[in-house]
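Chemist: These protein sequences, in sequence, are chains F and P.
Using numbering that gives the first Met the number 0, read the first sequence as starting at 0 and increasing by one per residue.
Using numbering that gives the first Met the number 0, read the second sequence as starting at 0 and increasing by one per residue.
Check before you lean on any hint, since a few could be wrong.
Said to hold, decoys possible - Simulated restraints, written as ranges between beta carbons of each label pair:
| hint | chain 1 | residue 1 | chain 2 | residue 2 | range |
| --- | --- | --- | --- | --- | --- |
| 1 | F | 236 | P | 62 | 31 to 37 Å |
| 2 | P | 35 | F | 45 | 32 to 38 Å |
| 3 | F | 346 | P | 308 | 27 to 33 Å |
| 4 | F | 346 | P | 78 | 54 to 60 Å |
| 5 | P | 34 | F | 293 | 42 to 48 Å |
| 6 | F | 447 | P | 310 | 42 to 48 Å |
| 7 | F | 488 | P | 310 | 43 to 49 Å |
| 8 | P | 168 | F | 488 | 50 to 56 Å |
| 9 | F | 117 | P | 220 | 52 to 58 Å |
| 10 | F | 162 | P | 35 | 55 to 61 Å |
No wet-lab data here; the hints were simulated from the structure.
We put the beta carbon where it would ideally sit given N, CA and C, even for glycine.
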Amino acid sequence: MLVHTALDRAEQVARHWVAGGCPVVIHVDRKVPRAIHDAFAARFADLPDVCFSPRHACEWGTWGIVAASQAAAEMMLARFPTVRHVYLSSGSCMPLRPVAELRRYLDARPTTDFIESATTADVPWTVGGLSEERFTLRFPFSWKRHRKLFDRYVDLQRKVGFRRRIPPGIVPHMGSQWWCLTRRTLSAILQDPDRKVYDRYFRKVWIPDESYFQTLSRLYAQSIESRSLTLSKFDFQGKPHIFYDDHLQLLRRSDCFVARKIWPQADLLYKTFLGDDAAAMKGTEPNPGKIDRIFAKAVERRTRGRPGLYMQSRFPRDNWENGVTSSPYSVFEGFTELFEDFEPWLARITGARVHGHLFAPHQVEFEGRQSTFNGALSDNALLRDYNGRAFLTNLIWNTRGERQCFQFGPGDSQFISWDIARDANAQISVISGAWAIPLFQSNRNFADLRTEAAMLQKIESEHLSALRSPWAKGRIRIWTLAEFVESPMEALQQVLDEVGIQEQRRLSEVPRMVDLTGFGQFLQNLKNQGMHPYLMGDFPVDPAPDNAQKPARKPYLVR
Amino acid sequence: MGVWQSYRLRLQRQRWKLRAHRKSRELTVVADRTGQIGRNDILLFCTLRNEDVRLPYFLQYYRQLGVNHFLVVDNDSTDGGREYLAQQPDVSVWTTAHSYQKSRFGVDWLNWLQSRYGHDHWTLVVDPDEFFVYPFCDTRPIRALTDWLDASSIRSFGAMLLDMYPKGRIEETRYARAQDPLEIASWFDAGNYAITRNARFLNLWIQGGPRARAFFADKPKQAPALNKIPLVRWDRKYAYVSSTHMLLPRGLNLVYDEWGGEKASGVLLHTKFLNTLTLKAQEELERRQHYADSKEYKAYAAGLAGNTNLWCKWSEKYINWRQLEILGLMSKGNWA
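Hey, can you work out the whole structure from these sequences and the hints?
Modeler: Laid out in structure tokens, this is it:
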């Protein structure tokens, strides 16, 4: 048992092992002051089955831990000749199942070595990007204390092309440092005539405690079970996950014999698993997968996060969002201008949440024009424009699970123009030039209309260039007004298919198109005034009145 | 980061340290129990004025989380709060009648106390109306968190300020001494926060919530900052720059992930909006000792006089930290 802190807990665990009939050799890190060590050792005076091995300084990733394990193992084999299996554990390990159960388990497998041991090519856990190089470079500097020096020396060796020679006869293997080996294998490793060679080699390998026994046991073991009996989960930095009181049920349901690492102050865990009620595990079905899932999820959350969430501890740089927003939504441009009752119609037919112009200049037009919306978003335009992107991403995040649709156009504030263009969740449907219809219907001076038309056209053209740029990732459809009016049904059908209509039949009900009689002439008048409206496509100056009015007169289609 | 900028920030940090040292002369000891502080104790630092009615619950809440010692600067309280604190076995109290504003809203006083007593300790800096919530806070003491942060080589832990408010007029319900303020102010805004990054100090600048919605809608830039970094493994070289919003050296402000992942974070439940606020807003307006000419208090006074109700139909009722986690206001990160 390797021990360096939380000595009280270590004592508790050691006593538990001894009570279960297992002799214990304890190695206390040399960094623990002598006085504390002696006091700790004195506490075991009543237990002849506990000894203390010569102390080594154990720093993470260095040889000290292997040296400590060797010394302790030698002592164990020499002092207790009846021992058949030796289990390497630490002070923060805790037996979950009764010791007797573990003994029975090992008795049934008297020649099996339990040690996780895989070749470097086959393991995904490589902290610091070093896998095979662990064995071929030198690592004289501490990774924890002199990270820069460590990294630079590695780089230098790579540049120079330095490679250490791996001693003949061994193939580097890696695995969890917590093993359970048979006397036969362990003594063969420790008494190997070439041990000096191996020791000298592994002394300069990085994290030798994960490779020394793992490699050498391959030379002697009769049958290796390549798994650790110790349940030990690592996070993305390669440090072990810690178990707390609230993991009690999880640990109970795991089938593992020993778990690490236990938080020293997890009183409930220590009481439950080391208490007299040793049958804590009995009768429960083993289910180690659940622990795996929880910790895998934690790593995933730390490395990938929740897409579309911007918060105090997740604020990705541009293009690292892993999704600009959290879920799909639809943007309609020019539809409310062309159809009289587009919003209620869309809501009816899709069941989605349909807003007006969310980015209207004076007020946010939430559905039903409410003054606040999900997440207490305010309808205040100043607040919204203070951070337009946050407004959009908040809205989509707050309404997860419900599709949002909103109107957009050149009359709105344009802060999010690029954000929606590069958002793969955005489904954007544009009838370009439709902004001219309200102008056409209005009763304002023509000079004003001309100025406004020129401005809106300029804004929309910029927006369209964003939508057409190579960075645009949304599902984008753009029709000119003329194209759309020609066959509005097909276009609407296409759009709705993507939003997902509840009933998968053809459209049975269509919104009412505004009366466009004279619109062509209106455009011609703009042209005559020197302003060239081009975004609406080639709109005939005087369309045959029948063509334009048909959809308006026949809102119901007969298939 | 350019060498020049780095140098300037270092100068600035040293200036704050010097200033803190100078301002320390303004403090008078009322009760000094700092001798009790053990080597690994978790310390709480706090500045307050006339908060007596909140103190019993405040102390109880943080004792329960596992804070070992409280270090409090009392800014000339007249309500008996100082005497109450001085009687507590785990509280050290200093007092001063000097200007809160000129001490940069208490930052200078606390910077000094922290460098004096907080070196190499985990320190939590909160106001008496702020309640720290972190992942698993219902099952794990704060020591579990700091141990985990230590093991992960993390020096600072962010906790955004979440404004809590009652349903109905703030005046309506009276807060009783030793009562849990969350029983009254149990509502919050779940998703209307806007974030930008501060390029100079690298911290995030978070604004929004009910205060932005109700008091600062027409001047959103002035809305109060909600980003906070209250829990830090303190070193005498560190300094808070502005409240607990940002620190120097600025690496401590990187409590967020920039590559799509989530770091662990908590929340400070801010229970300012109780009936006690009206009186306080009046008083603070007269003293003019608050940030940016007490703009905030002016807004409250105006708003509260008109009986502003912060509650709206989309307000969320607080349940526990897991709810905040699901809403995306805080994160477990890779702590499981």
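Chemist: Looking back at the numbered hints, which does the structure fail to meet, lowest number first?
Modeler: Violated hints: none at all, because every hint is consistent with the structure.
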